[in-house]
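Residue numbers (full-length UniProt numbering): 1 to 452.
By construction, these hints were calculated from the structure, which means they are not laboratory data.
A hint or two may mislead.
To be verified - Listed next, the in silico BS3-like pairs over lysine-lysine satisfying Cα-Cα at most 27 Å (straight line): (1) Lys166 <-> Lys24; (2) Lys166 <-> Lys191; (3) Lys149 <-> Lys191; (4) Lys166 <-> Lys156; (5) Lys191 <-> Lys88; (6) Lys149 <-> Lys166; (7) Lys191 <-> Lys227; (8) Lys227 <-> Lys24; (9) Lys166 <-> Lys88; (10) Lys191 <-> Lys156.
What the hints assert, rightly or not - Now the in silico label distances, taken between C-beta atoms and shown as ranges: (11) Asp229 <-> Pro196: 39 to 47 Å; (12) Asp167 <-> Ser203: 41 to 49 Å; (13) Leu367 <-> Ile193: 24 to 32 Å; (14) Pro196 <-> Pro133: 27 to 35 Å; (15) Gln86 <-> Arg16: 39 to 47 Å; (16) Asp256 <-> Pro352: 20 to 28 Å.
Glycine included, each C-beta is placed from N, C-alpha and C at the ideal position.
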Amino acid sequence: MEREHVSRDVVLEWVRQRLWHKVKQELVSWHPSDIAEFLGSLEEEEASTDALILFLMLPPELKGDVFSEFDTELQRQILERITSDQVKEILSELSHDDRIELLENLPGNLTRRVLNLLSPDDRSITLELLGYPEDSVGRLMTPDYVSLKPHWTIEKALDHIRRYGKDAEIINMLYVIDEEGHLMDDILLRKVILAPPDATVESIMDWHYVAINAYADQEEAVRLIRKYDLNALPVVDDDNILLGIVTVDDIIDVLDEETTEDVHKESAVVPLETSYSQASPFLLYTKRVVWLFFLGISGFLSSGVISRFQGVLSSFISLSLFIPMLMGTGGNTSSQAATLVIRALAVGELTPRRWFLVVRKELLVGLLLGGSLGLVLATIGYLWTGDTGIALTVGLSIVGIVLWANLIGSTLPLLCTWVGIDPALISSPLLSTILDVTGLLIYFTVTTLVLL
Numbered sequence: 001m002e003r004e005h006v007s008r009d010v011v012l013e014w015v016r017q018r019l020w021h022k023v024k025q026e027l028v029s030w031h032p033s034d035i036a037e038f039l040g041s042l043e044e045e046e047a048s049t050d051a052l053i054l055f056l057m058l059p060p061e062l063k064g065d066v067f068s069e070f071d072t073e074l075q076r077q078i079l080e081r082i083t084s085d086q087v088k089e090i091l092s093e094l095s096h097d098d099r100i101e102l103l104e105n106l107p108g109n110l111t112r113r114v115l116n117l118l119s120p121d122d123r124s125i126t127l128e129l130l131g132y133p134e135d136s137v138g139r140l141m142t143p144d145y146v147s148l149k150p151h152w153t154i155e156k157a158l159d160h161i162r163r164y165g166k167d168a169e170i171i172n173m174l175y176v177i178d179e180e181g182h183l184m185d186d187i188l189l190r191k192v193i194l195a196p197p198d199a200t201v202e203s204i205m206d207w208h209y210v211a212i213n214a215y216a217d218q219e220e221a222v223r224l225i226r227k228y229d230l231n232a233l234p235v236v237d238d239d240n241i242l243l244g245i246v247t248v249d250d251i252i253d254v255l256d257e258e259t260t261e262d263v264h265k266e267s268a269v270v271p272l273e274t275s276y277s278q279a280s281p282f283l284l285y286t287k288r289v290v291w292l293f294f295l296g297i298s299g300f301l302s303s304g305v306i307s308r309f310q311g312v313l314s315s316f317i318s319l320s321l322f323i324p325m326l327m328g329t330g331g332n333t334s335s336q337a338a339t340l341v342i343r344a345l346a347v348g349e350l351t352p353r354r355w356f357l358v359v360r361k362e363l364l365v366g367l368l369l370g371g372s373l374g375l376v377l378a379t380i381g382y383l384w385t386g387d388t389g390i391a392l393t394v395g396l397s398i399v400g401i402v403l404w405a406n407l408i409g410s411t412l413p414l415l416c417t418w419v420g421i422d423p424a425l426i427s428s429p430l431l432s433t434i435l436d437v438t439g440l441l442i443y444f445t446v447t448t449l450v451l452l
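Please build the complete structure, drawing on both the sequences and the hints.
Now the structure itself:
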């Protein structure tokens with residue numbers, strides 16, 4: 001009979017009553033990520049001692065899985081408050097890639113302590129992985145995989161899998177290497193199980209595999225795993241010697257980090273190296289102030305344009321009523337176009353070589369958007385002011401502004417990609433600032449042509 005879980009509120013009440021045995025009995029039946037979330041919530045409720053007590057009561061193998069699910073700040077707090085023997089126990093249950101992620105985020109004094117507590121073999125592997133560049137695939141890979149030799153029989157291969165599979169990061173994908181360690185193929189476990197026992201591993205190889213260099217950027221690993229729908233990606237050196245594997249769970253972490261970084265950039269915020277909850281007010285200030293200064297100073301350009309056409313505004317006061325609407329529409333239009341193109345670039349759907357297709361498509365979209373908006377806003381302008389000239393000026397201006405905004409929003413990300421700059425740097429505030437200035441120029445130019 002399947003055991004029913006009690007509610008989180010009940011477990012929380014047990015914690016308040018210090019019914020540790022009942023809490024532990026319940027927690028060990030949960031998924032590690034759910035346990036980590038629950039213990040993390042105790043930290044937020046200022047019950048950090050209770051969280052630590054419960055964490056230390058978990059079985060060793062579960063303790064390592066839960067620890068790897070904690071955020072960096074909670075991991076740091078736990079390591080600072082437990083004994084060296086307890087740290088060793090946790091480290092022994094962590095995979096190599098989880099250890100690397102931990103060490104990357106710890107302060108220097110804790111990093112040294114953790115390294116000193118590792119076994120000589122684990123320390124050697126950890127230092128080797130830390131030797132790769134920060135955003136390289138080498139930092140993500142784990143050497144815990146199952147490899148086979150091509151001349152082995154299926155029976156021998158299965159014996160090898162049973163013996164070493166328990167220590168592997170994954171077991172559903174196996175890697176065939178020669179005597180020198182060169183990668184020859186990858187094989188699904190199912191294929192091995194279904195093969196005749198006396199057949200050789202080589203007889204079920206198809207000699208087709210996808211691999212990545214250890215020094216490649218992590219985003220390339222994301223692209224390959226997404227493109228070929230892989231659960232794991234073998235990592236090789238320049239001589240095609242198998243060094244390790246990158247699993248899809250690590251790629252999901254990279255995707256989360258890259259998405260967060262892109263969102264920050266698109267909002268004109270220098271990306272945070274830590275979570276928002278751990279960031280100090282001063283750190284948040286430093287990440288935002290530079291862009292705000294730049295955008296604020298750029299705003300003077302808009303003031304300069306308005307000043308340049310002060311005479312026109314004096315002659316037609318009602319023109320000023322439409323400036324906020326025109327500037328807002330231009331900024332919003334460019335942000336829409338930029339978002340679509342940046343996303344298409346990110347998922348590999350679009351390349352800078354297809355710029356003509358983008359320009360042609362966005363010009364057509366701009367004409368449709370500008371025409372429909374121009375008709376509506378010209379009508380509103382006429383009903384508001386009763387002046388046909390003002391209505392025509394507003395209608396033509398919005399067509400020009402939307403066309404220009406669509407063109408700028410779609411081509412700037414392509415240009416950035418072509419010159420090797422992250423297109424996410426084309427932030428919405430930056431586009432809005434550009435369109436404020438150029439939109440005013442278009443508006444006053446149309447005004448001059450129509451009304452003067």
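Violations among the numbered hints, reported as their numbers in ascending order: 5, 8, 11, 12, 13, 14 and 15
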